[in-house]
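Participant: Protein sequences appear in the order of chains A and B.
Numbered by our numbering, the letters in the first sequence go through residues 1 to 245 in order.
Numbered by our numbering, the letters in the second sequence go through residues 246 to 514 in order.
It is possible that part of the hints are untrue.
Said to hold, decoys possible - Result set (EDC-like, lysine to aspartate or glutamate): computed pairs, CA atoms no more than 20 Å apart in a straight line:
#1 B:511 to A:58
#2 B:507 to A:86
#3 B:507 to A:72
I should point out that these hints are in silico values taken from the structure, not numbers from a laboratory.
This structure is a prediction, so every number in the text was calculated from the model and none was measured.
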Amino acid sequence: MSVPAIRVSGVVKHFGAVCALDGVDLEIGGGEFFGLLGPNGAGKTTLISALAGLVRPDRGTLAVMGHDVQSDYRQSRRLLGVVPQELVFDPFFSVRETLEIQAGYFGIGRCRQRDDWIDEILDNLDLTTKAHANMRTLSGGMKRRVLVAQALVHKPPVIVLDEPTAGVDVELRQGLWRFIRRLNEDGHTIVLTTHYLEEAESECGRIAMMKAGRLVALDTTANLLQRFVGESLNLEEVFVRVMNA
Amino acid sequence: MTAPHLRSSLPATGGAAADMIGFWTLFYKEVLRFWKVGFQTVAAPVLTAMLYLLIFSHVLEAHVRVHDVPYTAFLVPGLVMMSILQNAFANSSSSLIQSKVTGSIVFVLLPPLSYRAFGAAYVLAAVVRGLVVGLGVLAVTGWFADVRFAAPLWILLFALLGGGLLGTLGVVAGIWADKFDQLAAFQNFLIMPLTFLSGVFYSIHSLPVFWQQVSRFNPVFYLIDGFRYGFYGVSDVSPWTSLAVGVCCFCAVAALTLAMLKRGYKLRM
Ligand SMILES: Nc1ncnc2c1ncn2[C@@H]1O[C@H](COP(=O)(O)OP(=O)(O)OP(=O)(O)O)[C@@H](O)[C@H]1O
Ligand SMILES: [Mg+2]
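So that you can see chain A by itself, here it is in the shape it has in the complex (with noise of 0.2 Å):
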């Protein structure tokens, strides 16, 4: 069997009394669609934080194609591309110059691929004509859309999306499922978390279901609709039910 593209054993971690997460297991196979969902204070972005170097578990190992985020950082960092929740942006730069900067991050210099995969990452997310537009100047929608952008720009292998879709408007989430599409059906994995629980039904193959940071439900999207027998759910609903089982 190849290396799964996420491996998380037995993670445990606390905030002072908080336990945000509680023993998760969790595999998520190469070029698989994923689904993290849960309700607020689940401990997803605790997990994706975890897997990204900015929490450090009490207990437990975390990997992504096979290297440990904390023994071999350089690597697993390489292959992982974060969106993060929050909307943070650096004020100084415009849009260009920031995934410019990002790049250079990854160790990917000045060289025609750059430039080229970054105008594509611009075309993808309608963002070209603000490509040289201060980020301090972009509406809210688009320092999303950035965000995106720079955790795109050296074409992880792994990419994870914490609530991308928060504020954006219809046109663009359309755009932005038929881009993470396009690179999932390039073989890119994909992990996202969102409130919008139709987006998980249509795009995710498989989703795991958190609460109070266990997973509680870890199933094919397919099979997690007929979950309860005999009736025909939505994604939503059946998520109500497992949540106050």
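With chain A's structure known, arrange chain B with the ligands on it following the hints.
Facilitator: This is chain B with the ligands only, laid out in the frame that chain A set:
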């Protein structure tokens, strides 16, 4: 296999070469950051130093000669060094605290930058800011005094050492502080007293013996004394002693910084 949907491919990266590019990018970003607001980060401190020179030299020029050097000429290197130190500290510390408070620090925490490259980039950018401001101060205040350059290599050496030491201390402060007022406290209760009580404005030989002894425990005194030696070839202590003290302090603070960065202290929860 489906046909490739995406046109562009990227060159392969990894290892030390990628880390080097990452380092230069972070350094470039940090320099660009202060340069884009150069009015506050360069012009303002040059003006401040100018005001010190006008006031102190006006009051003291007729009365004071130090080591046989006229007071205004004595003052210029002190002001230049003070500007280098304060601005190097301000650059790394304010950049770090700002990106921590706004959350944009994730952009440098997500990439595969080694902790050494991370620290070195912040320190080197701080040195550049210190040197740019220092040159500005020298260019402006130099008009008012007969400045000599007796040993230019010592000047350069102490400028780099001072910028490096305070830039590194700025990294420590920027990582340690959670809020702007904690950083301000660090600045007001540590950096300011150390620089003001270091012989910027006087030779420590003009102090009572007790305060002379106290000054000798202040590393900034050695930086300024050695720096001034480069201009006039006279100093309170041997420049070699000052160099040794400066290098030891730098190594100690750099070791602390690297240990903090390696552990991810306050940056990675
Ligand atoms: N830095 C932190 N310090 C203290 N507590 C934290 C920190 N980060 C997260 N927590 C706590 O950990 C728990 C899980 O938070 P997390 O952000 O992972 O949830 P989430 O599933 O992403 O929620 P949401 O859907 O609202 O984004 C929450 O109780 C939260 O308050
Ligand atoms: Mg979250």
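Participant: Against this structure, judge whether each hint is valid.
Facilitator: Hints, one by one, checked against the model:
1. B:511 to A:58: The hint holds at about 15 Å.
2. B:507 to A:86: Violated - the C-alpha atoms of residue 86 of chain A and residue 507 of chain B are around 25 Å apart, more than 20 Å.
3. B:507 to A:72: 13 Å, holds
Taken one by one, the earlier hints fail for this structure only at number 2.
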